[in-house]
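So the protein sequences, as listed, match chains S and B. Under this note's numbering, the first residue of the first sequence carries the number 35, and numbering increases by one thereafter. Under this note's numbering, the first residue of the second sequence carries the number 38, and numbering increases by one thereafter.
It cannot be assumed that every hint is accurate.
Capping the alpha-carbon separation at 35 Å, the derived lysine-lysine pairs in DSBU-like fashion look like this [stated by the list, open to error]:
no., chain 1, residue 1, chain 2, residue 2
1, S, K114, B, K139
2, B, K134, B, K40
3, B, K134, S, K114
4, S, K113, B, K139
5, B, K134, B, K106
6, B, K134, S, K113
In short, the hints are calculated from the structure, not lab data. These numbers were taken from a predicted model, which means no experiment stands behind them.
If you want the building blocks of each chain, they are given just below.
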Amino acid sequence: SQTIHQWPATLVQPVGSPLSLECTVEGTSNPNLYWYRQAAGRGLQLLFYSVGIGQISSEVPQNLSASRPQDRQFILSSKKLLLSDSGFYLCAWRRTSNQPQHFGDGTRLSIL
Amino acid sequence: DAKTTQPNSMESNEEEPVHLPCNHSTISGTDYIHWYRQLPSQGPEYVIHGLTSNVNNRMASLAIAEDRKSSTLILHRATLRDAAVYYCILGGGSNYKLTFGKGTLLTVNP
Chain S
35 SQTIHQWPAT LVQPVGSPLS LECTVEGTSN PNLYWYRQAA GRGLQLLFYS
85 VGIGQISSEV PQNLSASRPQ DRQFILSSKK LLLSDSGFYL CAWRRTSNQP
135 QHFGDGTRLS IL
Chain B
38 DAKTTQPNSM ESNEEEPVHL PCNHSTISGT DYIHWYRQLP SQGPEYVIHG
88 LTSNVNNRMA SLAIAEDRKS STLILHRATL RDAAVYYCIL GGGSNYKLTF
138 GKGTLLTVNP
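The shape of chain S in the complex, shown without the other chains:
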């Protein structure tokens, strides 16, 4: 069966510090991968998605970047965090565009 791992579960970072959130998927190959952010009390905002290694599509211009160095690894990064980067970050995968997405447990990021 397929599983998705996302870590860390919670993170507290100072403004201006770098960020690296990692997501890995097991039990499938060549998945579509997604990063979402959910601000407190808000809906999910799609940040990035990837259909293959090295292929990244950005949905919202911002202070973040994503990379896919391996087939089942998706990384969300920032060089200098802003207060507005606080939120609940979710990674998701799915096999094809007609299949459901499966989400990780999320990382709750607080910026101080």
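With chain S's structure known, arrange chain B on it following the hints.
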């Protein structure tokens, strides 16, 4: 992206059926109708999806209108654990994205 319209909130009583509506009048022929739900402090959970025919699984049923411009998620017997935000989303075909709206907040009363 084709959009969906859902009520902001709905209430139900425990062990009663719940019908969550969704309008998607601009749906394209290749769009699947997906439903997810999100419990507080958790990632969204897949519930059900379909294209044209009604669908059933262990969690719920999906009733799709003949013209596909609306659909209804049916929880046959609501439990307190079904209290969540329910999202109706269109996606599929050449569209790799699922765009989440605000969803419907379902409250289940004991």
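Hint check:
| no. | hint | result |
| --- | --- | --- |
| 1 | K114/S <-> K139/B | holds (29 Å) |
| 2 | K134/B <-> K40/B | holds (12 Å) |
| 3 | K134/B <-> K114/S | holds (27 Å) |
| 4 | K113/S <-> K139/B | holds (30 Å) |
| 5 | K134/B <-> K106/B | holds (20 Å) |
| 6 | K134/B <-> K113/S | holds (26 Å) |
In the structure shown, no violation is registered for any of the earlier numbered hints.
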